[in-house]
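Enquirer: Based on these hints, arrange chain B on the given structure of chain A.
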Amino acid sequence: MPRLDGKVVLLSGGASGIGAATARMVVREGGKAVLADRDEAKGRALALELGTAAHFVPLDVVQEPSWQAAVAATTERFGALHGLLNAAGVGVRNSIEDCTLAEYRRINDINSLGTFLGCKSAIAAMKESGGGSIVNISSVLGLRGAAYAMAYSASKGAVRTLTKNVALHCAQMKYNIRCNSVHPGYIDTPMIAPRLEQNAGNMTGRQSLEELHPLGRLGRPEEVAAMILFLLSDESTFSTGSEFVCDGGLTA
Amino acid sequence: MVLADMSNELSGRVAIVTGGASGIGAASAVLLAAAGATVIVADLQDGPEGPGRFVAHDVASEDSWKSLLADVLKREGRLDIMVNNAGISGGPGNIETTTVENWQQVQAINSEGVFLGSKYAIEGMKKTGPGKPASKGSIVNISSIAGLVGGAGPTAYTAAKGAVRLLSKSVALYCAEQKYDIRCNSVHPGGVDTAIFNPLWQAMGHEEGKAFIGTRHPIGRMSEPGELGEVILFLASDRSSFMTGTEIAADGGITAGLMRRSLLAPS
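Chains as they are written, first to last, in our numbering: chain A, 418 to 669; chain B, 9 to 275.
Same shape as in the complex, but just chain A:
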């Protein structure tokens, strides 16, 4: 039996990177994937490629009505909501000295408020679907700080504790909804593309990022998607409020 047989999963940031890799895996494992993204062209193209088990909805993660519409479109199309992946996010390099308040707020809004609104909007539909699994993409920088990823790291730290708060609330309320965070290292996705162009000393941008990982390379989106798939499936039914690290040994 496929691992996600009949499960309906909503994926923010589903048009690219980790979100897109997960959407492909969801469909391959017998689930329905609703790709929610700001990038309509890319999202619609991927949904078309994945066929009738996939659907695209436009989503602006910082707007609560946009989330409500995405959840409504999901249940209307596929009749239920069992899984939510909060993968939409923005990665920006800044330090405590050069980050403005407006930029700090923008990054925290997309990464942290966006994840909060995703969880909030999905819970009601998941309750009506008999339960579900929420997977929030934090980062290794939700576990460790970085001199030049100050605001990003703060926002991912918020996602880390928010996830535990959601998990405990749902457990206490007996909703049969689990919530876990995933902490990827540097994954070869569009988010880090600008970093690959920046040479560091005698190393290329790619080499300098690869060097951070004991495994000596960047992660592939499919490797993170495999962990997410486990969390979305019923193979992980005793895991909630936990931190799942996928970082090539970076935080070890």
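Calculated from the structure, these hints are not laboratory results.
Only a predicted model underlies this, so the values are computations on that prediction, with no experimental measurement involved.
Glycine is no exception: its CB is placed at the ideal position from the N, C-alpha and C atoms.
Careful: at least some of the hints might be erroneous.
Where chain B lies over chain A, by a calculated footprint (3+ residues, C-beta under 8 angstroms) [claimed, not checked]:
{"id": "1", "stretch": "515-522"}
{"id": "2", "stretch": "529-538"}
{"id": "3", "stretch": "561-567"}
{"id": "4", "stretch": "572-585"}
Expert: For chain B alone, coordinates are given in the frame of chain A:
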């Protein structure tokens, strides 16, 4: 072993304590002043007593930070210690009931306020005047056990305190890399007998409320503000000179072990 005389260890240092008019802030202001520091109590309103100079200050306002820093550099001429303590609980709110408005208010004070406090602390510490000893700066950010675990506070508060925990590490690493001689650490209190629990005191009575919250701590009681003040004093002083980017829980043992399901904070 002869312990050093620490009664004047912060002599000549200037400290700003946000939220310094009450609770943990007031307790740390008292201890910093007792150790010889000149203390600026930055708060929305002055408290009944306190050792420091009061400056009206709103941590969520960047303009307020600019004028506070200018005032301190003009009057005291330097800045060595920043205690980013001001914060709000934001009232009860779980993942289902928290509004966007509540979320943003809590982030503005608890997360953006600490971001601005760290940013302007560095600016002030770098501007320590000529002919004066180089700043041995220390930034102490007050997070919470809610920045470590998920069941210790309302949803928006838990997220904001998680942001403060990681923000502090990035600030520490940045200052280290820049060779600024400025350290930054986060403190994670458990239940402390302060005004943040006023709604509970009103509902249960102060003593009953304290006993109730106390049962959630392995040590069997809440802490007094002064117990957190001691931790803050330690991190502010040179006694912690090799500590930066670390997280200190002062929580009566809550995060050391397992929280019983029945003792999870009601949301």
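Enquirer: Please list, smallest to largest, the hint numbers that this structure does not respect.
Expert: Hint check: nothing fails, all pass.
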